[in-house]
Amino acid sequence: MINENLRFLRKAFTLPRTWNAIKVYAGYFLSLIIRKPLIWGHPPVVMIEPTNICNLQCPLCPSGNGTLKRAKGYMSLTTFKNIVDQVHKKSFMVVLWNQGEPLLNKDILQMIRYASDKKMFTLLSTNGNINIDTDTLVKSGLDSLIISLDGAAQETYNKYRINGKLSKVLEFSRSVVDARQTLNKKNPLLCWQFLVMKHNEHEIDAVRKMAKDIQVDNLELKTVQIYSKEDIEKFLPLNPRYRRYKINSDNFELKAGIPNRCRRIWVNVVINWNGEMSVCCFDKDIDYTLGNINDISLISLWKGNAFQKFRKQILRNRKFYPMCINCGESVKMRVKQTRVN
294 MINENLRFLR KAFTLPRTWN AIKVYAGYFL SLIIRKPLIW GHPPVVMIEP TNICNLQCPL
354 CPSGNGTLKR AKGYMSLTTF KNIVDQVHKK SFMVVLWNQG EPLLNKDILQ MIRYASDKKM
414 FTLLSTNGNI NIDTDTLVKS GLDSLIISLD GAAQETYNKY RINGKLSKVL EFSRSVVDAR
474 QTLNKKNPLL CWQFLVMKHN EHEIDAVRKM AKDIQVDNLE LKTVQIYSKE DIEKFLPLNP
534 RYRRYKINSD NFELKAGIPN RCRRIWVNVV INWNGEMSVC CFDKDIDYTL GNINDISLIS
594 LWKGNAFQKF RKQILRNRKF YPMCINCGES VKMRVKQTRV N
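Per my numbering, the sequence shown starts with residue 294, numbered consecutively.
The hints are simulated quantities; they were obtained by calculation from the structure and are not laboratory data.
As a list, the in silico EDC-like pairs of lysine to aspartate or glutamate whose alpha-carbon atoms are at most 20 angstroms apart: (1) K612 <-> E622; (2) K491 <-> E448; (3) K452 <-> E523; (4) K596 <-> D580; (5) K596 <-> D378; (6) K432 <-> E297; (7) K548 <-> D524.
Work out the full structure: start from the sequences and follow the hints.
Right under this line is the structure:
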């Protein structure tokens, strides 16, 4: 939304970062033409995983449903600072999530403050079922806060956010709004993210009213990612507008198809809790090994042979990688985002 964009420009805009982004995008578009991966800069966006542990058991999430295979843990403050120190001169933004609930990391507020003090735009997504001092959260310099809320009633909400409490999410949201007002702060910008599913699509209007009453800034409707034919009947909404898939009998495929390109792996780097770099956030178990930023510099891994080999294959045949067949690249995941207050 416009307020978030203005905040981004005021806080994170510098000539070195802008020039870097121009080089990165120029390399990406030229790569699409010549079908050879060109990496001419640093990643403008850095996704950092504070933890891959979660307090909920969402059935379509590898952390929540127990299918995540890699070791679980929390990123140390030292590792986080190492990442920020390597990227802050060229990168605009730190995205604080991947798998897991980021607010479970005991150092999360210090992490936000450290990146914010480097004039990086900070964005965090949470399920809101966390006890945390919201005054300190607002003071941390966090720019944008996404809270997942997928129902207007506890029964509906708990069908997906298993072990979660809607009342706790509402209390957390109110507390953030109150803290902003008390501290005379405009940030973090508060966005409710509503995953539209079969069991909750009838509650969209009710959630919109709740967001207005609590004075949430934005409400974002997002399509859900499914993994099996059983998920079609169980989770996909009846309204095709809220689906990212085409359904053929008991099979499904992305509406956008699978073009041989991927902007993400030219623009966005992903560092997991232990320092391991992923090719992207859809590589849940780090099946494509790149290396660890605690051993090799981030930019060396970003431009390294392993990552370039992956990018080269994407330009030739993206369907070669199973995870790319159900990826969000080129998909309109956010159906609608509206300014609520």
